[in-house]
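We have chain X; now place chains A and V onto it with these hints.
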Amino acid sequence: MKNTLMRWKLPIVCLVWQLAMIILFGVFIRYDEESDAHWSVTRMSQNHSLLENQFYFRYPSFQDVHVMVFVGFGFLMTFLKRYGFGSVGFNFLIASFSIQWSLLMQGWFHSLDFSDGKIKIGLESLINADFCAASVLIAFGGVLGKVSPVQLLIMSLFQVTLYAVNEFIILDVLGAKDAGGAMVIHVLGAYFGLTVARVLYRPNLDQKKNESVYHSDLFSMIGTLYLWMFWPSFNSAISNNGDAQHRGVINTYCSLAASVLTAIAVSSFFEKKGKINMVHVQNGTLAGGVALGTAAEMMLTPYGSLIVGAISGTVSTLGFIFLSPLLEKYLKIQDTCGIHNLHGIPGVIGAIVGAVTAAAATEEVYSREGLKAAFGFEGRFADRTPSVQGGHQAAALCVTLLLSVGGGTIVGFILKLPFWGDPSDENCFEDDVYWEVPGEEEAALYSVHYVNSPPTKPAVNGDTQQ
Amino acid sequence: MKNTLMRWKLPIVCLVWQLAMIILFGVFIRYDEESDAHWSVTRMSQNHSLLENQFYFRYPSFQDVHVMVFVGFGFLMTFLKRYGFGSVGFNFLIASFSIQWSLLMQGWFHSLDFSDGKIKIGLESLINADFCAASVLIAFGGVLGKVSPVQLLIMSLFQVTLYAVNEFIILDVLGAKDAGGAMVIHVLGAYFGLTVARVLYRPNLDQKKNESVYHSDLFSMIGTLYLWMFWPSFNSAISNNGDAQHRGVINTYCSLAASVLTAIAVSSFFEKKGKINMVHVQNGTLAGGVALGTAAEMMLTPYGSLIVGAISGTVSTLGFIFLSPLLEKYLKIQDTCGIHNLHGIPGVIGAIVGAVTAAAATEEVYSREGLKAAFGFEGRFADRTPSVQGGHQAAALCVTLLLSVGGGTIVGFILKLPFWGDPSDENCFEDDVYWEVPGEEEAALYSVHYVNSPPTKPAVNGDTQQ
Amino acid sequence: MKNTLMRWKLPIVCLVWQLAMIILFGVFIRYDEESDAHWSVTRMSQNHSLLENQFYFRYPSFQDVHVMVFVGFGFLMTFLKRYGFGSVGFNFLIASFSIQWSLLMQGWFHSLDFSDGKIKIGLESLINADFCAASVLIAFGGVLGKVSPVQLLIMSLFQVTLYAVNEFIILDVLGAKDAGGAMVIHVLGAYFGLTVARVLYRPNLDQKKNESVYHSDLFSMIGTLYLWMFWPSFNSAISNNGDAQHRGVINTYCSLAASVLTAIAVSSFFEKKGKINMVHVQNGTLAGGVALGTAAEMMLTPYGSLIVGAISGTVSTLGFIFLSPLLEKYLKIQDTCGIHNLHGIPGVIGAIVGAVTAAAATEEVYSREGLKAAFGFEGRFADRTPSVQGGHQAAALCVTLLLSVGGGTIVGFILKLPFWGDPSDENCFEDDVYWEVPGEEEAALYSVHYVNSPPTKPAVNGDTQQ
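Protein chains in written order, with the numbering used here: chain X, 141 to 606; chain A, 141 to 606; chain V, 141 to 606.
The shape of chain X in the complex, shown without the other chains:
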């Protein structure tokens, strides 16, 4: 039996890290121009209307992204019959840490003001912090139920760092575009998480608890639907104001609708007796959102979006049916939530779609101004052509893949150290290792009903009858 006692470890890690955040925020983080009280002065001097504050351009999208991160990812993972607290609760914990840490990391890499050494944050920083948290939560899906909260916090610490480094390389150095994060969020999160899961492979894992029950599947659908509905906001939240945000929404909306039909079609075709499998509805339907992560804001056309959505919904669902068992058998990757199918493959598809769409861009379609705005052909990148841009998009995918596998390997071995309080094999996918589960009698009864109860507790149900 492993020592999973969290009394000292978890409080200390949480408190030390929170203290570090306070100190680092104190040294580095300040309001940006539009959230500072001096804005009333600057605004008047620039003759701006009150509405020309980025707050009004992006706040609705921000809140949708926020819901996706905390309710979407959190509830999506509640499908496990006895890991609902861990799914929602650890999601809450590591996302709350990650957004703080990524405000710092992304600030250092992207928006440090060298004149005063401060990071100036505004609403767009919060959106980017939520994006980074999303990537962390994707990786969480790969190790769900098999790690301790302390391991999750360690993993988040490193992954946020890796995220900022990768983002810096592919957006700032390579000049790639990735508004909805097909690469920076999904590919990175998925392959980082899968590599960690590989290193933490448990040969004797009891897969019987890695299952859903009726109500847990409904809770999970809450997560699915919020992710699905708000994905158009996700893919357009940091796009240029105006037509790019507008177009990002339309494209993602179309793509997601197509994914639903193909995911359900594939599920019904391959599952026994032609029945639909909830796992595919919960996940495959979302592939169209991931697959537009790069190209949503581009002139992909609505029918192009439908094609991408239809293909990615199909491929993702096929992945759940055929690929996941092979990954576990041959590559020894135990992917609890199927992140390879929902974020890995569709993320790679998204990166490729983005590269091709960028390479195919013309002045006729975008207008001269539009092309410059869409791909940032300014400053250092002023003389880029669309086809060169396409090449850099492809390079960005390669960089992301390399960094995520490399980073995942290192972090995986760090997490293997024996003092992080990870659960024993038989306690995986069980809330009561780390959570007070309510009602002793009820808990026992639940263990009769929902979990295969150990033979040493035979009389529970009988007791209540006397």
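These are computed hints drawn from the structure, not numbers from a lab. Keep in mind that the hints are not guaranteed to be accurate.
Pairs count within a copy or across copies, as identical chains cannot be separated in the list.
Simulated pairs of lysine to aspartate or glutamate, EDC-like, Cα-Cα distance not exceeding 16 Å [to be verified]:
no.	residue 1	residue 2
1	349	572
2	413	572
3	412	572
Predicted, not measured: the structure shown is a model, and the values here were computed from it.
Chains A and V only, in chain X's frame:
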């Protein structure tokens, strides 16, 4: 025993229709001016600010409507104890198909650009597509649990078409106003769905499974609350920018609040021992939103809204208590979700309120400009008076009623064809006909607990005790 | 056995009050300038763009607040194993009444137009009405499960009145700032509710039903997460447009993130075996939002927000562990939802943080214009200094505390009158007193599983096996 095998039927219908959507989108659908990359050029030539893109006027409302369609309607129907997957899942499937198909149908009827033969879509098109899907989902509520997913897709195909035709007649030809869709969405959806349910009448239906359990009623309340909270967005989403949207929100907010009090009052008064019935809380409280579907954007006044809300909450709840049993007994309409009480009657009330409010409009109340803007007294309708407008509103209700009953009859008989895989009477309201239901042991236990188990499985509970 | 029959009482109270609302709305309430059809005229005369309607500045925030009131508070309270209907349903009922009544009360006190004796309402009025409802729902949390719906309606009637009076004194007379309502909403709601709970003390209350089960804790997390995610909107919804709303969001976002880490740290440290307690995750994580209720819009700085969030998350969770048992034992306050820990203490912290932040404001930090705008140093308050403002903030806290305890005492004794249909001790925390609970057999089974069944029903489980 009927053949409910979906292995071929469902995948083929889904894939063929998705392929058709891709081809038709490719031929017909393009971005509109404000979502096209050329907008940066047009915008500057017209000296518009970045914010003057309809995206910023309507995106928050759109997302609220989107939540109502997918979470609101989806979870509202999860009240059935063993049909949660079907409620949320089929809702997801048919809404995803309907929004694609209605972008085409509504485009052909309303916004085809005859210069190039293309439909130009923007955010407002997406809102209208969601509205159309809402109408389809209302009809779904009438046949919930009694049809196969293939039947639902067929039904959606026809209903979207009917929706576009009806909308064209009453909005474009008759010049009626119906911003929140009391007629085009609610009356059409309800009476179409009820007519289909009538044609598909099952005399030997086992109503014991048509019931809720404790947790399923809570899931259903998620649907109710999202519908209730976001209804102000629904009724104002496509209203004129400015005061009309603002007013639509205020009126709907007031009306809905009044519905809650009267629905609960009526429930407690008529139910046994004065207890409140969750069915009425889940449905009657929403009647005030439906009943403002036409008049929300008009100068109905806040107290006028309270009156409409109070009356419709009362009538809707009385409908559940007294009318639904009569409909089943005498008209042989088995209305699973009570759509007649939530959408039918309140929709008719809403159409009448709209006609009266329009007829009573004066220049004093609206101002000369305001009257023109509110009722579209321009172009072909430039010399209309409010009372003439009221008459046309009433005519629009009649047209909608006729079309919905006529269309429902035809579609009902199409759905009666014997090869769509509909469930047998004893499998109605049961998820496991079309869904893989998790955990065999659990499923068996659930059937003991939640459903009257057949006498041939007596030992399940006993087994777990040994 | 007490008479809990609601057949006459509840319908009559609901209907009489709704009728009163209709009459009073008819006499007093009209659209404000921006929601009236004449706006098209005024707008043009003032050369405003269509977007310069408060609707576009505040509608997204309003909808977030709306979700917090109806889903957030409603589902937060569903943690009780057998009181889910009451939590969500009574929340729905009293919030719907309170928003109507507070439109009137707040209108009379704040926005009565003396030229025509009318209250002009717009979107900001709806936000304020929702705020007032939130305060009522906080008090509801203190008496949850121990009162009848009629008592709740009576309590709401008085509390809304008290809210408007207190708001008038501290905002209009004292000139305090309290944009997110640390005082007007949280302190008032908490101490009013606790005082009522004290007066209604039940010495023989069976606390065994005052517990959660596994799924009810997950439902409760829906409430927690929506409150947490949308709290930035809550604290900035009625702030000045522009940088103040923007800053309110950033500060609250930071504070809430810090609360999550400290709440979980404290929970794990003090609970047995270092396990995390869901009660603390459901509540302590939100303390950072309450504690920024006054200062969110001020120049608190992001690290200041982290400090406040970290402290309040800690204190709130410690309150649940150590203070609540003492309150019950020595002060005889049975605080069902722990409102003292979530709203009481953090609200007081928030008021103090607000007073200190205000007192410390300088022209350097805010700019001259910014200082005037932030603290309303205009008109009657034109020659106030920040330190004087700080003093008035502190005075406002004292006034609020006095009024809430005084009001709570009076209302408590009114609610003690014997004809309001309150439940007997053994029926507390039980839905089936006031609600039709579905499925008799199931209900009986549930009482075996989830509740300690009385010895007189031994054969229920056995029965179903025959």
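Hints, verified against the model:
no., hint, result
1, 349 - 572, "within (13 Å within a copy, 21 Å between copies)"
2, 413 - 572, "between (36 Å within a copy, 11 Å between copies)"
3, 412 - 572, "between (34 Å within a copy, 12 Å between copies)"
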